[in-house]
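Start from the sequences, fold in the hints, and give me the full structure.
Single-letter residue listing:
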Amino acid sequence: MLWIATIAAGVAGGLLARRLHVPGGLLLGAMVGSAAVSLGSGAGPTMPFPLSAVLFTTVGVMIGTLVTRDRLRQLAPMAVPAVASAVALIVAGVAVAWLLYGIGIAPPAAVLATSPGALVALISAAAEHGEGETEVALFHVVRIVVVVATVPPLVRLLRRGSVRGD
Amino acid sequence: MFVGTEPAAGPQPRVLDWSAVTAAAGAGAALASAMGLPGGLVFGSTIGAGAVVLGRHRAWQVSPRVRDVVLVAVGVTVGIRVTPDTIGVLGATLGGAVLASLLLVAAGWAIAAVLTRLGVDVPGGLMATSPGALEVLTVIALEDGEGPLEVALFHTVRVVLVMVSIPLLLLLLP
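From first to last, the protein sequence lines stand for chains A and B. Here the working numbering is used: the first residue of the first sequence is 1, the next is one more, and so on. Here the working numbering is used: the first residue of the second sequence is 1001, the next is one more, and so on.
These are computed hints drawn from the structure, not numbers from a lab. Keep in mind that the hints are not guaranteed to be accurate.
Label pairs and their in silico Cβ distance ranges [stated by the list, open to error]:
no.	chain 1	residue 1	chain 2	residue 2	range
1	A	Ser52	B	Val1098	35 to 43 Å
2	B	Gly1088	A	Ala76	46 to 54 Å
3	B	Leu1173	A	Val80	27 to 35 Å
4	A	Ala12	B	Pro1174	17 to 25 Å
5	B	Leu1172	A	Pro77	13 to 21 Å
6	B	Thr1116	A	Gly130	39 to 47 Å
7	A	Ser52	B	Asp1085	19 to 27 Å
8	B	Ser1019	A	Gly104	36 to 44 Å
9	A	Ile103	B	Ser1019	37 to 45 Å
10	B	Val1114	A	Arg160	21 to 29 Å
11	A	Ala43	B	Arg1014	24 to 32 Å
We put the beta carbon where it would ideally sit given N, CA and C, even for glycine.
Encoded structure:
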């Protein structure tokens, strides 16, 4: 029953946001709708693994079917920038942890909490270290929600601005 | 499920083609997950589907209806993580978590700007250099037609390098 309500709220939220022309509306609206049900019901449903496996495999199919030899050739020069970008983000995560220590609001295991990705591995590392696994998990959930809520609208705003500037 | 259309002129993929793609994607996802690769489901299925499609000379496109369903479903997977428990436990640390997240998003923006300044034109730009949400941003890049392969590549490399850096990060803990 909770799943039906969650999916219905997700679909309604997505369609409403798209109708209102919210950037990335279908996804963002679904996120807000399902979060509302999750908060209202006291505990959100857990997505069964087979369902998430089908979903993420479908995402892989959507990407994989775009692969052509020409596209692969275009992708090769992106390897070094991708590594450089990842290293820079990891360094930024460490810097953010130091900043949180500096202003006195760092959670336990702050460098793991502010790391840009690999949620499950970082929670395991915090658990192995013996502190902060809950905070690490929560920081990462907030990071994902903030990225989803800010980046797509920001990208579309920037794109609109550059089109106007041309 | 996948009623595909070619983005350009060319032969339409048949049901048999989609069956082969789906089977290869499923096998790739299962193998990558079994190997414990980060983001294994997306990464493995991309490689599996890509291997089948690569033999053809044109990209295929998944039906817009399937894409819409995936967008809503991915949104729901993020939304259900927001529970009263998470809000309650966050309490005192919420400010720090939001601040850290915004600073990381800003870092991603700065990296995208530096790459542009260096003459590296990354399709998908900020979505590729963002600090998280591999599946979500890849799906949005697909929806926008803005460098989904590049976005997937950047995020996969990010997750792999974070995992590799964990021993170093542990050394930095007080």
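Results of checking the hints against the structure:
1. A:Ser52 with B:Val1098: 35 to 43 Å: About 26 Å separates the Cβ atoms of Ser52 (chain A) and Val1098 (chain B), which means 35 to 43 Å is violated.
2. B:Gly1088 with A:Ala76: 46 to 54 Å: 48 Å, holds
3. B:Leu1173 with A:Val80: 27 to 35 Å: Check passed, 30 Å falls within 27 to 35 Å.
4. A:Ala12 with B:Pro1174: 17 to 25 Å: 47 Å, violated
5. B:Leu1172 with A:Pro77: 13 to 21 Å: About 33 Å separates the Cβ atoms of Leu1172 (chain B) and Pro77 (chain A), which means 13 to 21 Å is violated.
6. B:Thr1116 with A:Gly130: 39 to 47 Å: 43 Å, holds
7. A:Ser52 with B:Asp1085: 19 to 27 Å: 20 Å, holds
8. B:Ser1019 with A:Gly104: 36 to 44 Å: Because 58 Å falls outside the window, the suggested range is violated.
9. A:Ile103 with B:Ser1019: 37 to 45 Å: With Cβ atoms ~56 Å apart, the hint is violated.
10. B:Val1114 with A:Arg160: 21 to 29 Å: Holds: the Cβ-Cβ distance is about 23 Å, inside 21 to 29 Å.
11. A:Ala43 with B:Arg1014: 24 to 32 Å: 45 Å, violated
In summary, the numbered hints that this structure violates are 1, 4, 5, 8, 9 and 11.
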